Amino acid sequence: MGRSLSGRATKHASEIRFNQILCDLMQTMSTQ
Numbered sequence: 001m002g003r004s005l006s007g008r009a010t011k012h013a014s015e016i017r018f019n020q021i022l023c024d025l026m027q028t029m030s031t032q
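By the numbering used here, the letter at position 31 of the sequence shown is numbered 31, and the numbering carries on one by one without gaps.
Read the hints as simulated data drawn from the structure, not as lab findings.
Computed from a predicted structure; not experimentally measured.
Possibly wrong hints are sitting among the right ones.
[Claimed, not checked] In silico SDA-like cross-links for lysine to any residue, where the CA-CA straight-line distance does not exceed 25 Å:
(1) 11 with 30
(2) 11 with 32
(3) 11 with 24
(4) 11 with 22
(5) 11 with 21
(6) 11 with 25
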């Protein structure tokens, strides 16, 4: 149970990081 919980947390963190990178790409493309 603890292992799946930590795996879910890391997956959630990676998704947040991916969303932040995606937003940064959108902003840089829109400013150019």
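Please work out if residue 11 and residue 22 have their alpha carbons no farther apart than 25 Å.
16 Å, holds
| residue 11 paired with residue 30 [C-alpha distance capped at 25 Å] | 29 Å, violated
Is the Cα-Cα distance between residue 11 and residue 21 25 Å or less? 15 Å, holds
Exercise for review: Would you mind confirming whether the straight-line C-alpha gap from residue 11 to residue 24 stays at or under 25 Å?
Suggested key: 20 Å, holds
Can you confirm whether the C-alpha distance between residue 11 and residue 25 stays at or below 25 Å?
21 Å, holds
Are the Cα positions of residue 11 and residue 32 separated by 25 Å at most? Violated, because 32 Å separates the two Cα atoms, which is more than 25 Å.
Hint compliance for this structure: hints 1, 2 are broken, all remaining hints hold.
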